[in-house]
Amino acid sequence: MKLNALVIASALTVVTGWAQAQAVDPLQVRSWASACASCHGTHGVAQAGNESLAGANKDDMLKKLLDFKSGKKPATIMHQLSKGYSDEQLAALATYFSALKK
Amino acid sequence: MMKRRQFVQTVGTAGSLGALGLMSGCASTGSGKGPKVVVIGGGYGGATAAKYVRMWSDYGIDVTLVEPNSTFISCPISNLVLGGSKTMADITTPYDNLVKRHGVRLVQDMVTRIDSDKRMVMLAKGGELPYDRLIVSPGVDFMWENLPGMAKDGAKDKVLHSWKAGAQTVALRKQLEAMPDGGVYALSIPLAPYRCPPGPYERACQVASYFTKAKPKSKVLILDANDDVTSKGPLFKKAWADRYAGMVEYRPKHKAVDVDAATNTLKFEFNDDVKATVLNVIPEMRAGDIAVKTGMATANKRWCEIDFLTHESIAVKNVHVLGDSIQIAPAMPKSGHMANQHGKTCAAAVVALLTGKQPNQLPIYNNTCYSFVSEEDVVHVSSVHRYDAEKKTMLTVAGSGGVSSAANELEGRYAMAWARNIWADTLA
Numbered sequence: 001m002k003l004n005a006l007v008i009a010s011a012l013t014v015v016t017g018w019a020q021a022q023a024v025d026p027l028q029v030r031s032w033a034s035a036c037a038s039c040h041g042t043h044g045v046a047q048a049g050n051e052s053l054a055g056a057n058k059d060d061m062l063k064k065l066l067d068f069k070s071g072k073k074p075a076t077i078m079h080q081l082s083k084g085y086s087d088e089q090l091a092a093l094a095t096y097f098s099a100l101k102k
Numbered sequence: 001m002m003k004r005r006q007f008v009q010t011v012g013t014a015g016s017l018g019a020l021g022l023m024s025g026c027a028s029t030g031s032g033k034g035p036k037v038v039v040i041g042g043g044y045g046g047a048t049a050a051k052y053v054r055m056w057s058d059y060g061i062d063v064t065l066v067e068p069n070s071t072f073i074s075c076p077i078s079n080l081v082l083g084g085s086k087t088m089a090d091i092t093t094p095y096d097n098l099v100k101r102h103g104v105r106l107v108q109d110m111v112t113r114i115d116s117d118k119r120m121v122m123l124a125k126g127g128e129l130p131y132d133r134l135i136v137s138p139g140v141d142f143m144w145e146n147l148p149g150m151a152k153d154g155a156k157d158k159v160l161h162s163w164k165a166g167a168q169t170v171a172l173r174k175q176l177e178a179m180p181d182g183g184v185y186a187l188s189i190p191l192a193p194y195r196c197p198p199g200p201y202e203r204a205c206q207v208a209s210y211f212t213k214a215k216p217k218s219k220v221l222i223l224d225a226n227d228d229v230t231s232k233g234p235l236f237k238k239a240w241a242d243r244y245a246g247m248v249e250y251r252p253k254h255k256a257v258d259v260d261a262a263t264n265t266l267k268f269e270f271n272d273d274v275k276a277t278v279l280n281v282i283p284e285m286r287a288g289d290i291a292v293k294t295g296m297a298t299a300n301k302r303w304c305e306i307d308f309l310t311h312e313s314i315a316v317k318n319v320h321v322l323g324d325s326i327q328i329a330p331a332m333p334k335s336g337h338m339a340n341q342h343g344k345t346c347a348a349a350v351v352a353l354l355t356g357k358q359p360n361q362l363p364i365y366n367n368t369c370y371s372f373v374s375e376e377d378v379v380h381v382s383s384v385h386r387y388d389a390e391k392k393t394m395l396t397v398a399g400s401g402g403v404s405s406a407a408n409e410l411e412g413r414y415a416m417a418w419a420r421n422i423w424a425d426t427l428a
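Protein chains in written order, with our numbering: chain A, 1 to 102; chain B, 1 to 428.
No wet-lab data here; the hints were simulated from the structure. It is possible that part of the hints are untrue.
[As the list claims (entries may be wrong)] Estimated spans, in silico, between C-beta atoms of each pair: (1) B:I328 x A:S70: 44 to 52 Å; (2) A:S86 x B:K253: 38 to 46 Å; (3) B:R413 x A:N57: 24 to 32 Å; (4) B:I314 x A:E88: 26 to 34 Å; (5) B:T263 x A:S86: 54 to 62 Å; (6) A:S70 x B:T263: 54 to 62 Å; (7) A:P26 x B:P94: 41 to 49 Å; (8) B:E390 x A:S70: 27 to 35 Å; (9) A:E88 x B:K213: 50 to 58 Å; (10) A:G55 x B:D181: 50 to 58 Å; (11) B:M120 x A:S70: 49 to 57 Å.
[To be verified] Computed cross-link-like contacts, DSBU-like style, restricted to lysine-lysine with a CA-CA straight-line distance of at most 35 Å: (12) B:K357 x A:K101; (13) A:K101 x B:K33; (14) B:K357 x B:K118; (15) B:K36 x A:K102; (16) A:K58 x B:K100; (17) B:K391 x A:K64; (18) B:K238 x A:K83; (19) A:K102 x B:K238; (20) B:K164 x B:K217; (21) B:K164 x A:K83; (22) A:K72 x B:K238; (23) B:K357 x A:K58; (24) B:K391 x A:K72; (25) B:K213 x B:K238.
Each residue gets a CB set at the ideal place from its N, CA and C atoms; glycine is no exception.
The task is simple: from the sequences and hints, build the whole structure.
Right, here's the structure in full:
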């Protein structure tokens, strides 16, 4: 268990580190993120029934997305959609949404 | 919403938008001096594009939305009105917020002609609107010429399509309510591609759900021009077998070629005539008339080919097409969700082009589509689409997307949450 947590933590560091190191075009990430808005609300502020993404903790959100992608976290739909993105793209999205106002 | 001070700062640093002059905030429709975008059609594609061009230009680009209807009526969820578990009010949203919150200028009218040389659109009620960039999102129009009997007087009032939510949704519900128990409701489905691939099969479920409660001796007959169910096939077939056994009958390879509305009879290319108590015919369709008339329907004279980076028409410069009117990329459905995604992709590109920036070179977006197989239980299909620079089209990302393992009530709740969210993202 401890080992698992450690592995995830270092994986997250690698991914976030990568996202920070790359010059991610903010307008490109904004466009990618707007695709999430259909279900999670404009600027990540959702209507009733779906989760808001704005202002979420960056590391928590990225862990969740990576767990959806690996199949570790069950879902109705996000396990399918998360597989459409690279880990780096998911990290850029988590960084983007975490910076938005709740 | 943006405060005046923020706006002044944004405009001051936004390159070519800096020359626009000051505006009184986001409720303003602009000074009239900024770049002008006209949007034709206030559905999922056009309304989203109008809102996002305003937002992403920091309210510096003037946007005029031309839409003939006074309110937005959603096609998604409209099958539940036919089933009786939702009302028209549930699927209707006003356009007020686009105007009040985002300063979109709303013109309730139809565009009769686009002059792409003068960059001008002509309105049915008179007058014209100039544009720097035009966004055309007219949805679909029907190929009535392939069903000659539908040209007869009164035929279109009797044999309904109900494939554009609104008056025909209400009228078909009335026909179903008036149908005696023991009657046959027949639904004719055109060859793909058509708007909303799973929609007809969901409709069959919703009508069967209503019949189960109100007219249990009645029958739902699906007459599909396609070789098989075009979307979520195993899930729909399971619903018909488990939930509506003996009531729903599915017949593939039934291509309708004519309708006799007087006798409610369907004629087919290869099969015997079918007569129904309530006949619901979804005709073949193509890009909205205004797109066809303007010469943008370059694919089989039906659909508009575009550059998927910007949604600009390959045939007409400075005119962008989105939603159901486009020649779709492989495995891309014609859906409201997809049109909403097109709206944002197009809006970002239009803002970039009008401010001298390069549009995003790697669009990535998704489709999520829920279908109700009963009043509560839902199945979905999802996909992720990414731009392929070599093939110059959107391709689904290998390993992504999929369908529900089985119909379930949890996704029924998510489906309604999806509706609330996409309506707000499109219109609020």
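Cross-check of the supplied hints:
1. Checked against the hint of 44 to 52 Å, the pair I328 of chain B and S70 of chain A fails, with Cβ atoms roughly 31 Å apart.
2. A C-beta distance of roughly 42 Å is found between S86 of chain A and K253 of chain B, which places it inside the suggested range of 38 to 46 Å.
3. Checked against the hint of 24 to 32 Å, the pair R413 of chain B and N57 of chain A passes, with Cβ atoms roughly 25 Å apart.
4. For the pair I314 of chain B and E88 of chain A, the supplied restraint of 26 to 34 Å holds, since their beta-carbon distance comes to about 32 Å.
5. Against the hinted window of 54 to 62 Å, the Cβ-Cβ separation of T263 of chain B and S86 of chain A comes to about 59 Å, which satisfies the hint.
6. Taking the beta carbon of each, S70 of chain A and T263 of chain B are about 59 Å apart, inside 54 to 62 Å as hinted.
7. At about 33 Å, the CB distance of P26 of chain A to P94 of chain B disagrees with the hint of 41 to 49 Å.
8. The beta-carbon spacing between E390 of chain B and S70 of chain A, approximately 29 Å, falls within the hinted interval of 27 to 35 Å.
9. Restraint check, E88 of chain A to K213 of chain B: a C-beta distance of roughly 51 Å satisfies the suggested window 50 to 58 Å.
10. Between G55 of chain A and D181 of chain B the C-beta distance comes to about 55 Å, which sits within the given range of 50 to 58 Å.
11. Separated by about 54 Å at the C-beta atoms, M120 of chain B and S70 of chain A satisfy the suggested range of 49 to 57 Å.
12. The straight-line distance between the Cα atoms of K357 of chain B and K101 of chain A is roughly 27 Å, inside the 35 Å bound, and the hint therefore holds.
13. With a C-alpha separation of about 32 Å, the suggested pair K101 of chain A and K33 of chain B falls inside the 35 Å cut-off, and the hint holds.
14. Pair hint K357 of chain B plus K118 of chain B holds up; C-alpha atoms about 24 Å apart against a cutoff of 35 Å.
15. A distance of roughly 32 Å separates the Cα atoms of K36 of chain B and K102 of chain A; the hinted pair therefore holds under the 35 Å criterion.
16. For a cut-off of 35 Å, the pair hint linking K58 of chain A to K100 of chain B stands: about 33 Å separates their Cα positions.
17. Between K391 of chain B and K64 of chain A the alpha-carbon distance is near 33 Å, which keeps this suggested pair within the 35 Å criterion.
18. Proximity of K238 of chain B to K83 of chain A is assessed by CA-CA distance (about 27 Å); at most 35 Å being required, the pair is judged to hold.
19. At roughly 42 Å between alpha-carbon atoms, K102 of chain A and K238 of chain B are farther apart than 35 Å, so this suggested pair is violated.
20. For the hint linking K164 of chain B to K217 of chain B, the alpha-carbon distance of about 29 Å falls within 35 Å, and the restraint holds.
21. A threshold of 35 Å between alpha carbons decides the hint, and for K164 of chain B with K83 of chain A the separation of about 33 Å falls inside it, so the pair holds.
22. Simply put, K72 of chain A and K238 of chain B have alpha-carbon atoms about 28 Å apart, close enough for the 35 Å limit, and the pair holds.
23. Restraint check for K357 of chain B and K58 of chain A: the C-alpha separation of about 29 Å stays at or below 35 Å, so the hint holds.
24. Distance restraint check for K391 of chain B and K72 of chain A: the Cα-Cα separation of roughly 34 Å lies within the 35 Å cut-off, and the hinted pair is therefore satisfied.
25. Restraint check for K213 of chain B and K238 of chain B: satisfied, since their Cα atoms lie roughly 20 Å apart, inside the 35 Å limit.
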